[in-house]
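Enquirer: Sequence:
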Amino acid sequence: MNNIYKIIWVLLSFSIFACSTDDNQKGRQPIASIKSDAENTFLKINQSMTIHFTGVADQVVIYPGDYGHNYALRDSGNTGIVVNKGLFTYSYSVPGKFHVVCIASTYNTYMGENLRTDTCSFDITVVDDVTTIDKIYSNITPNTYYATPIDDENWILCLPTKQVFNGRDITLNTTRQRLYFDIKSDSTKIFVDLPDNERELLANYNNLNSAQKTDVNSFINTTRKRYNLSKSHVITVRSDAGTIKTVHLYCMIYPEFRTVSLNGINGVLKRNAFDQSAQTYVFTLPRGTNISNIQINYTVDGTGVLVDNGQEIPSGANVNLTSGTFTIIRKSTENANIKATSKVKFEINYI
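Residues 52 to 402 in our numbering are what the sequence shown lists, from first letter to last.
Any given hint might turn out to be false.
Cβ-Cβ distance ranges computed for the label pairs, FRET-style [to be verified]:
#	residue 1	residue 2	range
1	D266	I399	38 to 48 Å
2	N97	N257	21 to 31 Å
3	F325	D352	50 to 60 Å
4	A324	N97	33 to 43 Å
5	N97	N165	17 to 27 Å
6	K148	D352	37 to 47 Å
7	T294	L124	48 to 58 Å
8	R309	N190	26 to 36 Å
9	R309	G375	18 to 28 Å
10	G375	T350	15 to 25 Å
11	N344	T199	31 to 41 Å
Derived from the structure by calculation, the hints contain no laboratory data. Ideal Cβ positions, reconstructed from N, Cα and C, are used throughout, including at glycine.
Generate coordinates for the entire structure from the input sequences, incorporating the hints supplied.
Expert: Given below as structure tokens:
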């Protein structure tokens, strides 16, 4: 009986070996061949590069050459990225010259034996010429105030005189606040209020001596610096590639009534905790008061004028509070196209 089992085992083993031998296919000769859409191997940061694998391989891996993916440092923990279906898309977040390496691998179908590889490579230059600012803002507890772009070179940042915090009106100190900038580059430098003579040095920034560079760099914005946000600032942006752009940040305070009365009765300002540009003035008037034709007297805290549907309303005029859209508009003394607009609502209670 034991001999029968031995014979069966031998026959079974032979069958498995025979089947494995028939199924095993020798790996093809790998050919590393790629095509890239990177024009003249030149890219800008955050610009997508597409590589098509056109060779022969069972598996394709690409080392883009940037941090963590350097082929020369593969034995030190740097890794490549596996290509899926012959298509590889990548973008670089930092400028520099990178060595891109493609590894094509083939192997036998049984147990993955007889691994063979072929490589090809090319160099690519990535340039950072980003000067476009995406966001400008200031964090003033409990709010974040965002500047609004007027056009490509002008922004406006509006702040209130007071903000609601824990149910109380708290005076906002505009003279010592931080500025933050969002920009799609870690290499671009942002300077605030750089003097004209220093700005002229930026074109030759990389060749400045140590003292000059230290002086210029003292105007670079950091989270430790504070600015007077009741006045305008000149923002100078310099990319790693040397591109320079100037942006004007107009800082304005939302106008509000210093005093306001309807038929001689004073109103009280009620602020909005969620919309700093919205102001509600509360009045208590005798029942039966005709608010469709009521006299308004006011003074504004600084420059500014009351407007109803585009029409200026001087102090002492009669207004119709049952309809209309009221705002207080303050124009910049530096640029008439720059305005801070407060939305005004009149809340009437009767006695």
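Enquirer: Compare the structure with each hint and give your call.
Expert: Comparing the hints with the structure gives:
no., hint, verdict
1, D266 <-> I399: 38 to 48 Å, "violated, 59 Å"
2, N97 <-> N257: 21 to 31 Å, "holds, 22 Å"
3, F325 <-> D352: 50 to 60 Å, "violated, 22 Å"
4, A324 <-> N97: 33 to 43 Å, "holds, 37 Å"
5, N97 <-> N165: 17 to 27 Å, "violated, 41 Å"
6, K148 <-> D352: 37 to 47 Å, "violated, 57 Å"
7, T294 <-> L124: 48 to 58 Å, "violated, 31 Å"
8, R309 <-> N190: 26 to 36 Å, "holds, 28 Å"
9, R309 <-> G375: 18 to 28 Å, "holds, 22 Å"
10, G375 <-> T350: 15 to 25 Å, "holds, 21 Å"
11, N344 <-> T199: 31 to 41 Å, "holds, 36 Å"
Checked against the numbered hints above, the structure violates hints 1, 3, 5, 6 and 7; every other hint is satisfied.
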